[in-house]
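Residue numbering for the sequence shown follows the UniProt record's numbering, beginning at 1 and increasing consecutively.
A hint or two may mislead.
[As the list claims (entries may be wrong)] Mimicking BS3-like on lysine-lysine, the simulated pairs with C-alpha atoms at most 25 Å apart in a straight line are:
1) Lys414 / Lys318
2) Lys373 / Lys202
3) Lys484 / Lys229
4) Lys326 / Lys311
5) Lys484 / Lys311
6) Lys254 / Lys229
7) Lys229 / Lys202
8) Lys373 / Lys326
9) Lys484 / Lys307
10) Lys307 / Lys318
[As the list claims (entries may be wrong)] Simulated DEER-style distance windows between Cβ atoms:
11) Thr447 / Ala158: 46 to 54 Å
12) Asp288 / Asp157: 40 to 48 Å
13) Arg126 / Gln421: 43 to 51 Å
14) Leu320 / Ala283: 53 to 61 Å
15) Arg445 / Gly379: 30 to 38 Å
16) Ala473 / Asp423: 27 to 35 Å
17) Pro150 / Ala330: 50 to 58 Å
18) Ala374 / Arg445: 36 to 44 Å
19) Ala473 / Gln421: 24 to 32 Å
20) Asp366 / Ala420: 22 to 30 Å
21) Pro105 / Ala410: 54 to 62 Å
If you're looking for bench data, these hints aren't it; they were derived computationally from the structure.
Where is the CB? At the ideal position from N, CA and C, for every residue including glycine.
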Amino acid sequence: MTSTTASQARPVVYAIAGIDPSGHAGLLADLRTLADLGCHGMAIPTSVTRQNSRRCDGAAALDTPSIDALWQCLSSDTLPAVVKVGLVPNAAQYDELRRCQQQHPEVTWIQDPVASASQARQQLCRPQWLTGAIITPNLPELALQLGESPERYNCPDAIAAAAQRCLAMGARAIWIKGGHGADARWIDDYFCDAERAFWMRKPRLATRHRRGTGCVLSSALAAFLAQGKSLPDAVVLASAYVHQGVRLAQPVAKGAGPVAQAGWPQARQDYPMIRAPRAETPAFPSCDPQGLYPLVDSVCWLERMLKAGVKTVQLRIKHLTGAPLKRALAEAVALGRAHEAQVFINDYWREAMALGAYGVHLGQEDLADADLKALARAGLRLGISCHSEAEWCRALAYSPSYIALGAAFASPSKSVPTLAQADLQRWLTLLQSELPVVVIGGINRSTLPRLLQWGARHVAVISAVTEAANPEAEVAHLQRLLAKANATE
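Can you build the whole structure from these sequences, using the hints too?
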């Protein structure tokens with residue numbers, strides 16, 4: 001027996017669900033989704049439903065010994081990276097799945113707690129939530145589990161409180177899908193685990209072709225986790241994948257059509273905003289990083305870069321406090337004005353706002369504490385650091401002036417995981433038409449040509465300039481490379 005994530009080219013995911021013979025939902029939709037996202041799906045059917053695109057007349061359950069035999073057969077050959085569970089028609093099957101869970105507690109489980117098919121006239125089963133699993137209920141399924149009316153979840157606080165109850169009942173994480181919500185324009189989903197909680201908002205699409213959304217969402221989540229994505233990033237990607245699939249869905253029979261499988265989500269419109277429902281979005285002024293964007297740690301270096309002709313610089317001071325810090329920031333703002341340059345202050349947003357600075361740059365951890373509305377009202381520009389899909393979805397909800405993606409390469413200045421080339425290229429394609437995107441991390445004269453080939457237009461540098469034998473000459477060289485690449489676009 002081998003671990004698939006270590007020994008196989010494609011990660012293995014077990015899909016345990018009912019068979020919809022029409023292919024609109026259930027196990028067939030699971031397997032299509034897993035294959036579409038680069039995984040190898042292995043199937044354990046729990047039942048065969050009698051349904052087509054317009055109705056579901058019932059289901060015939062597989063006997064429990066057969067479930068056990070299938071699990072033992074597959075797991076003796078190769079273990080999954082993730083197990084996805086859908087329709088489970090009876091309590092005996094749930095008991096068997098719990099035994100399977102206990103055999104391999106290291107495996108991640110995802111449960112879409114299906115109670116009925118979309119077209120069913122009656123409930124097919126009463127789901128039992130699996131302890132330690134990532135659960136993806138819609139609002140009626142959540143209400144069924146908690147013994148409440150779906151109408152109870154008519155405000156964000158009620159949904160967040162219900163999520164906490166689910167965690168207390170043993171869920172590893174809970175993703176509450178808002179498709180049954182009352183808002184005609186928006187769908188608001190809520191994700192919560194022991195470490196984080198966030199809302200995802202996306203526009204409601206005017207189409208009836210959305211069969212199998214729950215199956216596809218949970219299978220996509222399994223696939224992205226199996227591919228090595230963090231849980232928040234896998235959630236964001238699965239959300240985008242389903243929105244893309246609904247947007248592109250077409251009928252295949254007389255009734256509503258199934259969610260389309262169209263590969264990794266490539267269109268910005270499919271990605272959710274990570275924000276609270278009804279939250280106000282500040283609008284920050286635009287800016288143009290103009291290619292080269294040095295990050296320096298002193299006013300002396302700032303002045304040197306400005307005299308070298310750089311028009312966008314970030315001052316990142318870590319060694320000053322009190323009066324010396326305030327003097328340095330005031331000098332930086334004055335230098336920026338004198339050189340008609342875009343000088344961004346890192347972290348110290350209160351001081352920057354008081355001084356009338358051009359802009360501030362904040363990390364993800366700073367967003368919750370900063371008064372972003374006040375910064376926007378004061379006319380400051382805002383840049384935000386991002387290292388993943390979830391982070392840039394969160395950043396874009398604030399309408400920043402630019403975002404910084406990294407680390408592109410290993411950097412001596414900060415211990416941050418490097419991005420996969422495919423991810424960085426995908427993000428540049430997705431985002432650069434919306435706002436300036438600055439790439440950061442390990443960029444110098446040897447790595448810059450690769451970044452330019454991947455589509456980068458603006459880059460942040462630190463040691464490439466500050467540790468150069470002739471910083472001014474290095475600035476000129478890097479600016480020429482950027483200008484040449486941007487001129488040929």
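Practice task
Please name the hints from earlier in the document that this structure breaks, with their numbers sorted from lowest to highest.
Solution key: 3, 6, 14 and 21
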